[in-house]
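Visitor: Each chain, letter by letter, is given below.
Number of protein chains: 2
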Amino acid sequence: MATRRIETMEKNRAALIAAARKAFAEKGYAAASMDDLTAAAGLTRGALYHNFGDKRGLFAAVVSQIDTEMATRAKDIGAREATGWNALLAEAEAYIEMALNPEVRRIVLLDGPAVLGDPSQWPSQDTCLQVTLTAVEQLIAEGVMKPVDPEAAARLLSGAALNAALWIAASEDPPAVLPRAVDTFRHLATGLLADPT
Amino acid sequence: MATRRIETMEKNRAALIAAARKAFAEKGYAAASMDDLTAAAGLTRGALYHNFGDKRGLFAAVVSQIDTEMATRAKDIGAREATGWNALLAEAEAYIEMALNPEVRRIVLLDGPAVLGDPSQWPSQDTCLQVTLTAVEQLIAEGVMKPVDPEAAARLLSGAALNAALWIAASEDPPAVLPRAVDTFRHLATGLLADPT
DNA sequence: ATTTTCACATACGCTGCGTATTTCGATTGA
DNA sequence: TCAATCGAAATACGCAGCGTATGTGAAAAT
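Chains A and B, in that order, are what the protein sequence lines are. Count along the first sequence from 1, add 1, and you get the number used in the numbering used here. Count along the second sequence from 1, add 1, and you get the number used in the numbering used here.
Hint data in this document are derived by calculation from the structure and do not stem from the laboratory. Any given hint could be a false lead.
Copies of the same chain look alike in the list, so a pair counts if it fits in one copy or across any two.
Using 27 Å as the maximum straight-line C-alpha spacing, the simulated DSSO-like pairs for lysine-lysine come out as follows [stated by the list, open to error]:
id : residue 1 : residue 2
1  : Lys56     : Lys23
2  : Lys28     : Lys12
3  : Lys147    : Lys12
Assemble the whole structure, with the sequences as input and the hints as a guide.
Guide: Right, here's the structure in full:
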């Protein structure tokens, strides 16, 4: 029973994405060679252009995969908290910590915007932002947060968090800097509370 | 009286930076051709590699120029305010508005991090961040702001502001979205006030 | 006046993307 | 079972663009 066509195709797609993820993370988007990358996956550029259209398409697929993983993880961590507000804080802190991963930093934070444009219009929809937005909308509805613009609040919070992550990662001693950033983030976020305690 | 060597060299450097600024803004870093760019400046790639080393070096020079302009403008705007706190807010809002300029957005916000890495370690030192940091340090010393980590606060504030700008610019009706972002930013920032009123 | 310097131009090679064409195994139908 | 078809991936090709090595001519130095 020969392996089915669709099976192998999906396997090849997955292999390409995996190899691309590694190459983009290690060398950056521009320096990642498609020839090397596909060869590492046991394929050629032919498979790549057939499946993803072009280099950018492959990159978008990689970003989408990472974005999904990040959003899932953040949601899980947020779900452990008792209150919606603590969940929002926990999610934001989770993003900061995830951004310490070199893969996330290089692909999503540095190359992502340059290659795909503003995150809010990524093909992957930027699931991370959606998660934050949902949490914010609910907190505003509950009266926990001030009645600010939900989209603006979500953008500002995630922007602050991810930017903090870049700073931490670039610092000499990330583990030492992390708590400073997280602490400051908590203070900042209270500015959006209806009744800061 | 033949034109002096240093004179023409400086003129050429300026011409290259000007042409590069235009090309990088219009086409993005990757798509900007050095041949076209130098020709537009009435020179060849020879001048470029002699003056800036490589494409990245020229880009760094452009970023530095824009960064300086932005910081100067922000400081000016901040200086008009009566209190340090209002100055900080005004500076942040100025950054948001400046980031609506396509040139700033494409070069500094999108391509900058991808090409030069995290802004805090740019050759230009990221003067914008320095301005914010200085303001924050003073406000903490005066007791206006909570005694948080100044560097963290500056990074979070500027990160939130610049990210908001990206969002605004990508939206369909930027002028309408701008006040929503600015308003939310003001609320958020109060989280760092020692005595929120 | 001759030599030296150096800012820039010219010429070259190499890498790497994208496309057009080809191949060959898998699928389908009789 | 075999022939016909399909299409996923391989192969071959062209071209753009970066960086470097070398050349050149005008300003500076002696």
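Visitor: Confirm or reject each hint.
Guide: Checked hints:
For the identical chains of this complex, Lys56 and Lys23 are neighbours both inside a copy (14 Å) and across copies (26 Å), given an alpha-carbon limit of 27 Å. Taking CA atoms no more than 27 Å apart as the test, Lys28 paired with Lys12 passes inside one copy only; the shortest distance there is 24 Å, against 36 Å between copies. Proximity of Lys147 and Lys12 under a CA criterion of 27 Å is satisfied in neither setting, with 48 Å inside one chain copy and 54 Å between copies.
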